[in-house]
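S.K.: Counting with numbering that gives the first Met the number 0, you get residues 0 to 383 for the letters of the sequence shown.
There may be inaccurate statements among the hints.
Below, simulated SDA-like cross-link-like pairs (lysine to any residue); rule was C-alpha separation at most 25 Å, straight line [to be verified]:
{"hint": "1", "residue 1": "Lys80", "residue 2": "Leu90"}
{"hint": "2", "residue 1": "Lys80", "residue 2": "Leu33"}
{"hint": "3", "residue 1": "Lys50", "residue 2": "Gly252"}
{"hint": "4", "residue 1": "Lys165", "residue 2": "Phe60"}
{"hint": "5", "residue 1": "Lys165", "residue 2": "Ile58"}
{"hint": "6", "residue 1": "Lys165", "residue 2": "Lys141"}
{"hint": "7", "residue 1": "Lys76", "residue 2": "Lys165"}
{"hint": "8", "residue 1": "Lys165", "residue 2": "Pro84"}
{"hint": "9", "residue 1": "Lys240", "residue 2": "Gly284"}
{"hint": "10", "residue 1": "Lys240", "residue 2": "Thr257"}
{"hint": "11", "residue 1": "Lys240", "residue 2": "Gly185"}
{"hint": "12", "residue 1": "Lys240", "residue 2": "Leu97"}
{"hint": "13", "residue 1": "Lys50", "residue 2": "Ala69"}
{"hint": "14", "residue 1": "Lys80", "residue 2": "Leu147"}
{"hint": "15", "residue 1": "Lys80", "residue 2": "Leu97"}
{"hint": "16", "residue 1": "Lys165", "residue 2": "Thr257"}
{"hint": "17", "residue 1": "Lys50", "residue 2": "Gly335"}
{"hint": "18", "residue 1": "Lys240", "residue 2": "Leu147"}
{"hint": "19", "residue 1": "Lys50", "residue 2": "Phe60"}
{"hint": "20", "residue 1": "Lys80", "residue 2": "Lys165"}
{"hint": "21", "residue 1": "Lys50", "residue 2": "Leu33"}
{"hint": "22", "residue 1": "Lys141", "residue 2": "Ala161"}
Label pairs and their calculated CB-CB ranges [as the list claims (entries may be wrong)]:
{"hint": "23", "residue 1": "Ala161", "residue 2": "Trp191", "range": "39 to 45 Å"}
{"hint": "24", "residue 1": "Pro146", "residue 2": "Asn262", "range": "33 to 39 Å"}
{"hint": "25", "residue 1": "Arg374", "residue 2": "Val65", "range": "26 to 32 Å"}
{"hint": "26", "residue 1": "Trp20", "residue 2": "Ile150", "range": "53 to 59 Å"}
{"hint": "27", "residue 1": "Leu147", "residue 2": "Gly46", "range": "55 to 61 Å"}
{"hint": "28", "residue 1": "Gly47", "residue 2": "Pro265", "range": "16 to 22 Å"}
{"hint": "29", "residue 1": "Gly35", "residue 2": "Lys141", "range": "44 to 50 Å"}
Simulated from the structure, these hints should not be mistaken for laboratory data. Being a predicted model, the structure only gives us computed values, none of them experimental. From the three backbone atoms N, C-alpha and C, an ideal C-beta is built for every residue, glycine too.
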Amino acid sequence: MITEKRLLRAEPNFRLLAKLWRINWIYVLLICLLGGVGYGALYSAGGGSAKPFAGPQSIRFALGVVMMVALAMVSPKLLVKLAWPFYFFSLALLVAVLRMGHVGKGAERWLILGGVQLQPSELAKIALALALATWFHRASYKRMGNPLFLIPPAIMTLVPVALVLKEPNLGTAVIIACVGAAIFLGAGMRLWQVALLAAPVPFLGEFAYSHLHDYQKARITTFLHPESDPLGAGYNIIQSKIALGSGGMWGQGYLHGTQGQLNFLPEKQTDFIFTMIAEEWGLVGGLCVMGLLLLTILGGMLMALRCRHQFGRLLALGISMNFFLYCAVNLSMVMGAIPVGGVPLPLISYGGSAMLTVMFGFGLLLSVYVHRDMRFGEVERAGV
0 MITEKRLLRA EPNFRLLAKL WRINWIYVLL ICLLGGVGYG ALYSAGGGSA
50 KPFAGPQSIR FALGVVMMVA LAMVSPKLLV KLAWPFYFFS LALLVAVLRM
100 GHVGKGAERW LILGGVQLQP SELAKIALAL ALATWFHRAS YKRMGNPLFL
150 IPPAIMTLVP VALVLKEPNL GTAVIIACVG AAIFLGAGMR LWQVALLAAP
200 VPFLGEFAYS HLHDYQKARI TTFLHPESDP LGAGYNIIQS KIALGSGGMW
250 GQGYLHGTQG QLNFLPEKQT DFIFTMIAEE WGLVGGLCVM GLLLLTILGG
300 MLMALRCRHQ FGRLLALGIS MNFFLYCAVN LSMVMGAIPV GGVPLPLISY
350 GGSAMLTVMF GFGLLLSVYV HRDMRFGEVE RAGV
C-alpha cells in the first residue's frame, strides 16, 4: 500500500501529488466562499453590474487562488532562506513610497509599477511575519528570557511601523505592530517583559496623538461625537449606522438597499462593504458573513497548532493574526466602535494589493500545513 509518507520520499511527480493531497481543501473552499460573498457584494455595489468592481476583483481572486496553491507546495526550508531578502525588499518599497509614492486622500501609500498600483504596507505585514518567524524558530525558552536577544526583532518590527506611520497610515501601522507583538508572545516572551514594554504605552499614545495629522485627529473627534459634524467628518459613520439599522433582521433584499443603491453610503465598495451587506441581508446575513470570517481565523489558528516546527507555528500565527486584525478593525469601524481608519474587509472589499497580499499569506499558511509533520532537521532528509 502506498502511504502518504512513502509518496513524499518518492519521485518528484509523486511528491507533488502527495503535497496536493495534504492541502487543507476545506480551508480553500472556505476562502472561495468568502470570495463569492465579495463578488456578490461588489456586484451590488456596481448597481447590479460586474463593472467596475466585481469583474476585476474576480480576476484578482482567481489569480490569488492559483498563487495560494502554488505557494502551498513551497518548502519551509526555502521560506526561511527567502525571509530576509523579502523583508528588506519590503522596507525598500516603503522607503520608495515616501520618496515617489502616489498621493491619495492626503497620504502617500501607493507605488505605480508598470501601470499596476501597489501598496507596500500590505506586503510589509507578511514580510515581518516571515522575518520574525525565522528569527525565533530556533530560540530556546532560556534565550527568550534574555532582553538583548529581543532587541533586534524589536527593531525589525519598529522600522516598518515607523515608515508606514510616515505615509501616514495609522491603521496599517497598528496592525503591523500587533502582528509583531503576537509573534513575540507566541515565541515565548515573558509576562514581565510584556509588562515592561506596555508601561510606556499611555505616554507614547499621548505623544503620538500630538503628532497626528489634522484629518486623523478629526477622525478621533468624530468617533467620540459624530453628530457634531453630520455633513462633514461625521457623515461616513452616521450613514453607516443608518444602513446597518435599516437592514433589520432579514434585510431589504439583494440590490434593494436604500443607502447603498442611492449612493448615500460612502466607500461602499471598500471600507463600508459590510454595511451594504448588512443592509441588504440584515442581521442574519451579517452574522453569516462574520461566521465565515471567524471560521477562517480559527482554521488558521488550528493549522498553527498542528505544525511540529516552531517556524511554521509562528508564521501561521502571524498570518492568522493579520487576517483577524483586518476583520476586527473593519467591522468595529463600520459599527462605530473605533474611529474610521481605512482598513478593508479582506477577500470582500474591492482592492488589489490587500486581496493579493491576503492570498499570499494564505498560501504560506497552507505551506505550513502541508509540511506540518516536518522538523527542520528532517526536511532535507525527506527530500521535501
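S.K.: Taking the hints in turn, state whether each one holds.
M.R.: Outcome of the hint check:
Annotation: proposed proximity of Lys80 to Leu90 holds, straight-line Cα distance about 17 Å (limit 25 Å). At most 25 Å may separate the alpha-carbon atoms for a hinted pair to count; Lys80 and Leu33 exceed this at roughly 32 Å. Note on Lys50 and Gly252: the hinted pairing holds, with a Cα-Cα distance of about 21 Å set against a maximum of 25 Å. A hinted pair counts as satisfied when its Cα atoms are at most 25 Å apart, and Lys165 with Phe60 does not qualify at roughly 30 Å.
Pair hint Lys165 plus Ile58 does not hold up; C-alpha atoms about 32 Å apart against a cutoff of 25 Å. Simply put, Lys165 and Lys141 have alpha-carbon atoms about 36 Å apart, too far for the 25 Å limit, and the pair is violated. Distance check on the hinted pair: Lys76 and Lys165 sit about 34 Å apart at the alpha-carbon level, beyond 25 Å; violated. Proposed proximity of Lys165 and Pro84 is supported: the alpha carbons are some 23 Å apart, at most 25 Å.
Between Lys240 and Gly284 the CA atoms are separated by roughly 16 Å; this keeps the pair inside 25 Å, and the hint holds. Annotation: proposed proximity of Lys240 to Thr257 holds, straight-line Cα distance about 13 Å (limit 25 Å). A distance of roughly 37 Å separates the Cα atoms of Lys240 and Gly185; the hinted pair therefore is violated under the 25 Å criterion. Annotation: proposed proximity of Lys240 to Leu97 is violated, straight-line Cα distance about 35 Å (limit 25 Å).
Distance hint between Lys50 and Ala69 is unfulfilled; the C-alpha atoms sit about 29 Å from each other, more than 25 Å. Simply put, Lys80 and Leu147 have alpha-carbon atoms about 24 Å apart, close enough for the 25 Å limit, and the pair holds. Only pairs whose Cα atoms come within 25 Å are accepted, and Lys80 paired with Leu97 is rejected, the gap being roughly 28 Å. Taken as a hint, the Lys165 and Thr257 pair is broken in the structure, with Cα atoms around 38 Å apart against an allowance of 25 Å.
About 30 Å separates the Cα atoms of Lys50 and Gly335, which puts this hinted pair outside 25 Å; it is violated. A threshold of 25 Å between alpha carbons decides the hint, and for Lys240 with Leu147 the separation of about 48 Å lies outside it, so the pair is violated. With a CA separation close to 15 Å, the supplied pair Lys50 and Phe60 stays within the 25 Å bound. Distance hint between Lys80 and Lys165 is unfulfilled; the C-alpha atoms sit about 30 Å from each other, more than 25 Å.
For the suggested pair Lys50 and Leu33, the alpha carbons sit about 19 Å apart, so the restraint of at most 25 Å is met. For the given pair, Lys141 sits about 30 Å from Ala161 by alpha-carbon distance, which is inconsistent with the 25 Å threshold. Checked against the hint of 39 to 45 Å, the C-beta distance between Ala161 and Trp191 comes to roughly 26 Å, which is inconsistent with it. Against the hinted window of 33 to 39 Å, the Cβ-Cβ separation of Pro146 and Asn262 comes to about 54 Å, which falls outside the hint.
Hint check: Arg374 to Val65, Cβ distance near 30 Å, so the stated range 26 to 32 Å holds. Trp20 and Ile150 have their C-beta atoms about 43 Å apart, which leaves the hinted 53 to 59 Å range violated. Checked against the hint of 55 to 61 Å, the C-beta distance between Leu147 and Gly46 comes to roughly 59 Å, which is consistent with it. The supplied range of 16 to 22 Å is met by Gly47 and Pro265, whose beta-carbon atoms lie about 20 Å from each other.
Take Gly35 and Lys141: their Cβ atoms lie about 48 Å apart, and the range 44 to 50 Å holds.
Of the numbered hints listed earlier, those contradicted by the structure are 2, 4, 5, 6, 7, 11, 12, 13, 15, 16, 17, 18, 20, 22, 23, 24, 26.
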